[in-house]
Amino acid sequence: MMGTVTRQRIAAALALAVLAGAAVTFPLVFSSPATTNYGVYALIFVTAVSAWNVFSGFSGYISLGQAVFFGSGAYAVGIAARDWHVSGVAVFGLLPLGAAVGAAIAVPFGLVALRVRRHTFIVITIAVFFIFQLMAYNLSSFTGGSVGVSAPFLPWTATTFNERFYYIALACAVVMIVIAAGVRRSRFGLQLRAIRDDEDRARGLGVHAMRVKLAAFALSAAVTGLVGGVWFLYLTQVQPPSGFDPLFDLSVVLMAFFGGVGTISGPVLGALIIEPAQLYLTATYTNGYISEIMLGALFLAVVLFMPRGIIPTAGEWITRLRTRGRPAVPAAAAAAAPQSAGKAAAGDTA
Amino acid sequence: MARQVYQAVVDGILVGGVYALMAVGLTLIFGVLDIINIAQGVLVILGAYLSYVLSVRLHIDLFVGLAITVPAMFVIGVVLQWAFIRRLRGRERTAMTLLVTYAAALIIEGSLYEAFGPDYKQLSAPYVTSSVHVLGFYLPYIYLYGFALAVVIIAGIYALLYRTRFGRSVRATTQDETAARLIGIDTSRVATLTFGIGVAVTAVGGMMFGATNSFNPNSGYDLISRLLAIIILGGLGSIGGALAASVFMLTLESVVDIWSPQWAIAVFYAALVVVLVVRPTGFFGRAPARAQ
Numbered sequence: 001m002m003g004t005v006t007r008q009r010i011a012a013a014l015a016l017a018v019l020a021g022a023a024v025t026f027p028l029v030f031s032s033p034a035t036t037n038y039g040v041y042a043l044i045f046v047t048a049v050s051a052w053n054v055f056s057g058f059s060g061y062i063s064l065g066q067a068v069f070f071g072s073g074a075y076a077v078g079i080a081a082r083d084w085h086v087s088g089v090a091v092f093g094l095l096p097l098g099a100a101v102g103a104a105i106a107v108p109f110g111l112v113a114l115r116v117r118r119h120t121f122i123v124i125t126i127a128v129f130f131i132f133q134l135m136a137y138n139l140s141s142f143t144g145g146s147v148g149v150s151a152p153f154l155p156w157t158a159t160t161f162n163e164r165f166y167y168i169a170l171a172c173a174v175v176m177i178v179i180a181a182g183v184r185r186s187r188f189g190l191q192l193r194a195i196r197d198d199e200d201r202a203r204g205l206g207v208h209a210m211r212v213k214l215a216a217f218a219l220s221a222a223v224t225g226l227v228g229g230v231w232f233l234y235l236t237q238v239q240p241p242s243g244f245d246p247l248f249d250l251s252v253v254l255m256a257f258f259g260g261v262g263t264i265s266g267p268v269l270g271a272l273i274i275e276p277a278q279l280y281l282t283a284t285y286t287n288g289y290i291s292e293i294m295l296g297a298l299f300l301a302v303v304l305f306m307p308r309g310i311i312p313t314a315g316e317w318i319t320r321l322r323t324r325g326r327p328a329v330p331a332a333a334a335a336a337a338p339q340s341a342g343k344a345a346a347g348d349t350a
Numbered sequence: 001m002a003r004q005v006y007q008a009v010v011d012g013i014l015v016g017g018v019y020a021l022m023a024v025g026l027t028l029i030f031g032v033l034d035i036i037n038i039a040q041g042v043l044v045i046l047g048a049y050l051s052y053v054l055s056v057r058l059h060i061d062l063f064v065g066l067a068i069t070v071p072a073m074f075v076i077g078v079v080l081q082w083a084f085i086r087r088l089r090g091r092e093r094t095a096m097t098l099l100v101t102y103a104a105a106l107i108i109e110g111s112l113y114e115a116f117g118p119d120y121k122q123l124s125a126p127y128v129t130s131s132v133h134v135l136g137f138y139l140p141y142i143y144l145y146g147f148a149l150a151v152v153i154i155a156g157i158y159a160l161l162y163r164t165r166f167g168r169s170v171r172a173t174t175q176d177e178t179a180a181r182l183i184g185i186d187t188s189r190v191a192t193l194t195f196g197i198g199v200a201v202t203a204v205g206g207m208m209f210g211a212t213n214s215f216n217p218n219s220g221y222d223l224i225s226r227l228l229a230i231i232i233l234g235g236l237g238s239i240g241g242a243l244a245a246s247v248f249m250l251t252l253e254s255v256v257d258i259w260s261p262q263w264a265i266a267v268f269y270a271a272l273v274v275v276l277v278v279r280p281t282g283f284f285g286r287a288p289a290r291a292q
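One line per chain: the protein sequences are A and B, in this order. Just so we're aligned, residue 1 is where the first sequence starts under my numbering, counting upward by one. Just so we're aligned, residue 1 is where the second sequence starts under my numbering, counting upward by one.
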């Protein structure tokens, strides 16, 4: 038994090393800006979806308002750069401000929204999202109205521009994945999952539910705000419908479900598959409607055929493949054990 | 000033009646199936396009056309429920149903774009542009007819729920699905028919929305967020609550609109947030026995 675990550890470490190597060398191999563009967007979504997952995936509170933090982070960086006359590479120093603004919004938002559960929570996040989009339009002296805000000019060529943003986004994604893995292993993560499974019982057992939910919400918001700032600097502009985009909210949730909610690698995989596919479809079918229909059809297919996402479903397939052809274990307890052990292993490596 | 406020209140009540009709469908679906149908907004827009096709291409009157669009939307609802929503079970059902209905919304929206393009359309008829002058208020005919029709249909839904055997099955399923099944109610049939009815009312809502607003395939998002706010405010699953909340919200919006058209819709959502801070179950919502 120990041997298997060690072998699994080594295999996981090897796989991680290969992945890290591929991620780092990607822009060196595919140096064309059109290709690195896919990489930058994919990594921005890896970060955003993992951040969503740390709150919504672990706690079971499905937020459809992540764009509130994404857009606010983008606007915070943009407005600060404009009003404080920050130019050149110094604008990257403003990224922590995006994170701080995200967290600062999450606290009052969470204090109101986290009092209610399930559908009501989802709808409140949608309502708050629309209030923010409207504020971006209407507070035009501050946000520039429908014209939006532009980022300061960065004196880089297209290739270096994309390459540098690729590494910035990669750094964000790695930090977020490490945070997510840390949270999952910690007491904090356990409390979040206890809330997901049965909030009333978790409270009965001494979990300060509101404090834990709010902390996870603010953490998720801070990272989303930060990566919103990166997205803004990369795109060099933000308008109300692009910063506060309802499709962003739903894409994030779709990617998480596609990969597997509540796991570490699921959201990463979901973002890495869906975001480039979406970009490719939009670029291929310029009218955009076909890609919308295809995205919807993909949604339906995922929900109907892999209702728990790729990672948990694939984990089950692997377990089934491994145990295939083995003689049936006689005792009932022993029969149950390999399967649950396999599931636990799939969950741990995930 | 006072005159303007009165007119805004009257407008709000009339428009609120139409929103109530769409919201009743949504809250009915929630009550029985325990899901939020995100596609409700785009289904309203689909209803508006169906009316548009009938009136522009076939020259059928908007109200007469409902005899075709209502059954058509009913069938669409039944198919959606039967093909997709019925299959979803388990812990993630809340989120999954949300995603499925959202996916349906995306597909419908994309198809509408393919068929009609992004240009704004509006339904036209003689009674859309003319209005009657009563007691100093200008009341457009379309609002009066629409309000009357909404009242009749909502009364019909009430009668269906409280005066028929089917209605009793629906209410039993709303209260406790397991218990309803135990006493012999075919809950999956109840769910399918309820979904059909909840979607069928969007044909009427869509016709009214299309006659009083210009719309394009993208208009569904604004609509669904309003409808969601309304049914949450009224208390999920409560038909009376949906009525009260529609009239309250639309009147509030219409009055605020006098001073600040820009912020009217923000007041709409802010009202939702404020009410929920004070009363998390909405106006008429029952506290759940034990929310999961």
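Hints in this document: simulated from the structure, not taken from any laboratory. Hints should not be assumed to be uniformly reliable.
Said to hold, decoys possible - To give an idea of the interface, some chain B residues facing chain A are shown, with a C-beta separation under 10 Å as derived from the structure:
1. 95
2. 216
3. 221
4. 262
5. 268
6. 281
What the hints assert, rightly or not - Not close to chain B: a few residues of chain A, all C-beta gaps over 10 Å, as computed:
7. 35
8. 92
9. 246
We put the CB at the ideal spot given by N, CA and C, even for glycine.
(message) Please check whether the beta-carbon of residue 35 (chain A) is more than 10 Å away from every beta-carbon in chain B.
(response) holds, 27 Å
(request) Hold the hint about residue 281 (chain B) up to the distance rule: shortest CB distance to chain A must be less than 10 Å. (result) With Cβ-Cβ at 8 Å, under 10 Å, it holds.
(message) A closest beta-carbon separation below 10 Å is what the hint needs, so does residue 268 (chain B) meet it against chain A?
(response) holds, 9 Å
(request) Report holds or violated for the interface hint on residue 95 (chain B), using the least CB-CB distance to chain A and a cut-off of 10 Å. (result) Where the cut-off is 10 Å and the nearest Cβ of chain A is about 5 Å from residue 95 (chain B), the hint holds.
(request) Mind checking the CB of residue 262 (chain B) against every CB in chain A and telling me if the closest is under 10 Å? (result) Holds, because the Cβ-Cβ distance from residue 262 (chain B) to chain A comes to roughly 5 Å (cut-off 10 Å).
(message) Does residue 246 (chain A) clear chain B by more than 10 Å, comparing its Cβ with all Cβ atoms of that chain?
(response) With a cut-off of 10 Å, residue 246 (chain A) comes too close to chain B, as the shortest Cβ separation is near 6 Å.
(message) Let's test the interface hint: is any C-beta of chain A closer than 10 Å to that of residue 216 (chain B)?
(response) violated, 12 Å
(request) Could you let me know if the closest chain B CB is still more than 10 Å away from the CB of residue 92 (chain A)? (result) holds, 33 Å
(message) Given a cut of 10 Å on the nearest C-beta pair, is the interface hint for residue 221 (chain B) held or broken against chain A?
(response) holds, 6 Å
Checked against the numbered hints above, the structure breaks hints 2 and 9 and satisfies the rest.
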